[in-house]
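For the record, the sequence lines run as chains U and B.
For the first sequence, my numbering gives the first residue as 1, with consecutive numbering after it.
For the second sequence, my numbering gives the first residue as 1, with consecutive numbering after it.
Hint data in this document are derived by calculation from the structure and do not stem from the laboratory.
A couple of the hints might just be wrong.
[Unchecked claim] For lysine-lysine, the following DSBU-like pairs were computed, each having C-alpha atoms within a straight-line distance of at most 35 angstroms:
(1) B:LYS149 / U:LYS340
(2) U:LYS21 / B:LYS21
(3) U:LYS186 / B:LYS353
(4) B:LYS340 / B:LYS353
2 protein chains.
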Amino acid sequence: MKISPLFTDLYQLTMMNAYFKAEKRGTASFELFVRKLPENRNYLVFAGLNDVVGLLQNYRFKSEDIDYLYSLKLFSDDFLDFLKEFRFTGNLYAMREGEIFFQNEPVLRVEAPIYEAQLFETAIMNQIHISSLIATKAARVFSVAKGKKLADFSLRRTHGFDAGMKVARSSYLAGFDGTSNVLAGKVYGIPVVGTVAHSFIMAFESEEEAFRAYLETFPSNGVLLVDTYDTVEGVKRAVRVAKEMGVTLKGIRLDSGDVVELSKVARRLLDEAGFTETKIIVSGGLDEYRIREILEKGAPVDAFGVGTKVGTSADSPYIDFVYKLVEFNRRPVMKTSSGKKMYPGRKQVFRGKNGDTVGVFGEELPGEPLLEKIMENGQPVKKLPTLKESREFFLERFSKLPEEIKRVDRRVEYPVRISEKLKELYRRTLSEIERES
Amino acid sequence: MKISPLFTDLYQLTMMNAYFKAEKRGTASFELFVRKLPENRNYLVFAGLNDVVGLLQNYRFKSEDIDYLYSLKLFSDDFLDFLKEFRFTGNLYAMREGEIFFQNEPVLRVEAPIYEAQLFETAIMNQIHISSLIATKAARVFSVAKGKKLADFSLRRTHGFDAGMKVARSSYLAGFDGTSNVLAGKVYGIPVVGTVAHSFIMAFESEEEAFRAYLETFPSNGVLLVDTYDTVEGVKRAVRVAKEMGVTLKGIRLDSGDVVELSKVARRLLDEAGFTETKIIVSGGLDEYRIREILEKGAPVDAFGVGTKVGTSADSPYIDFVYKLVEFNRRPVMKTSSGKKMYPGRKQVFRGKNGDTVGVFGEELPGEPLLEKIMENGQPVKKLPTLKESREFFLERFSKLPEEIKRVDRRVEYPVRISEKLKELYRRTLSEIERES
């Protein structure tokens, strides 16, 4: 999807016009980070970088865009002429997609003439936000699923089209196994999965007739929904119909009622009938809290179809990402009002065995540096991993995260230290601001 | 934006294939409704109809879509051939955009051959959901704003691109005055608004220099952000710079700190300097609860810039819309398991002076019928209102809603009655289901 350059806040363009008029073109660095994690999140998962690289590379104002801006009677003609030729010419640093990150850690930095770096704020934040929000939520679900299969079933209630695509992609990135979103299957190569709906069962004279019609069409891979009328009867009927037809029953789905008890009964009925390979799939109002509960109660579930609460990250539907000016004309800067502390200057994040350290960019510290150069002078200098590679990377990183941090029921803070050099830079910058004002 | 027909759940297509094989082509009616309002919502606002009409009209499988479906090895060849020529051929009924609605009231009905009506479930729900979710949230903000101007500033943290556009549109529909989203301004004709960011102030040697640069570029419509360093000093400085330059100060923006106290101080400073026309704009973490509080404390605010919490409907980030089969082959149907009551058959909603009545479609009842025919045999039969007209319609409808229902701090239920005829149909359908099973 190509994103129009007008997909931005008006003030990005008015500020840009003011920079242009003031001939303010020095290089600025903006970093994207989170000051404080949401209350019920112990870690965040970085995602959406591919979209950012795509939008920086393809950022072009069309003549109809310029015409619209002209119609607003806000901008100077020479500025609008300048926009016609506008291209991103800066550098982009970022973490890898699938990386785990914490408070005060920049996940991305744009270095460019200030009017450029500023202009991209809105679109960069918008795109990283939704993908990281969902990758994080999905990772929590993955962390409690004990290896059971997970499928994204959220499409009908994601926040629109783009979210629907990004929820499918980000949940797969963070350990899910598939999605019901067919377009995401086509575009991203994610395995697509699905069963059957209540309306299908209801459209036939009887449940039995509906089961027959479905299994005739899908004799080797039919998953039947058994809870439209009476669930236990539904399971028995599914078994009987499959036996009579001599077909495989790939799975049954439970979407309502006491799924813990029902799954136990269903498993017993299936096993007694020799359908030991038939999977039990549970859906309906699931999230990490509910899945954890279902599994702790010993429900013999093979797969979960996870919907709305994950696709909207319902218990924490936004992350307070900020995109802040940290350096201008080689001078570290920071905002001091509002009581929200931030650190000045360009930074690097080092991952050690006992936590992370945020240091000054260029500083050598123990641990693995997490920010790498993705674009230079407006051009990509690094081939981005495929989605499957990023998924592998996430799984590897996630496996190293302490179990305590993975808890979904308790706030545990991962240690993020500030290097001595960065602390010193903070003090120096603060005293300079105080001297000047 | 054209939405691909693959933007659907896989099971819609597998069920369709099974209907196709079973030669099940009878006419079905599906209704979209909400069984129970979210806990902190007394009413909902219907929006997104234009997107649904667009997607039904333009639903075409491309050959690359068919190729992808073929690659899944799930579907029969004759079914895929059938999809190539697939068009929506049914009828669409819906409420008007901007209508207020409540539990158990269908907002939309699709009448079509069952495989068609089923196929569209995912996309219709996805599109109506996000627009109605945000129109509802924005209406709540509008209800407490006491006529102060409201602008959507949420773009950076909406759930992706499509949500960004729909948040701008739906909030305008529900009483907002403008958006910062420039593309929404171009596409929907919504007034675009904006001020200046902290980074702009920080990019200059001093706040004063930044103010000068901005006002030089926008001498007649500059809004200055005054809280980057010290807010009270910032206000004084803004006044002094504007006076020295002999320009108008259209407004100042407060984005942090105790905005109630700061706005009072700022208003006094502005008035003392003769800047009585300068507006005070407040932003930062706002929603209906916070705005209500700010205004109750007597803050002299002229406009609010409303962001993330409204753009993600953070206190209630989804609505449990369902799209249920209510009639098949002229026979009313309903799902009975799971304890979630629903009413069978095609319905009409009547708005009376003392509440609504949901009746059987075709039944004559007092009050205004809310569902109207939008498409017939796949073609639009009604010109949709413009966004401005829908906004007027919302404002008129909202003005008639009892004040008690508009409360944002308390659950109050609007009376929705079920007609005698519909109750009788429910009992009859239930006893038929019980007899058959």
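Now for the hints, and whether the structure bears them out:
1. B:LYS149 / U:LYS340: holds (28 angstroms)
2. U:LYS21 / B:LYS21: Outside the cut-off at roughly 68 angstroms; violated.
3. U:LYS186 / B:LYS353: Between LYS186 (chain U) and LYS353 (chain B) the Cα gap is close to 51 angstroms, so the pair fails against 35 angstroms, i.e. violated.
4. B:LYS340 / B:LYS353: holds (29 angstroms)
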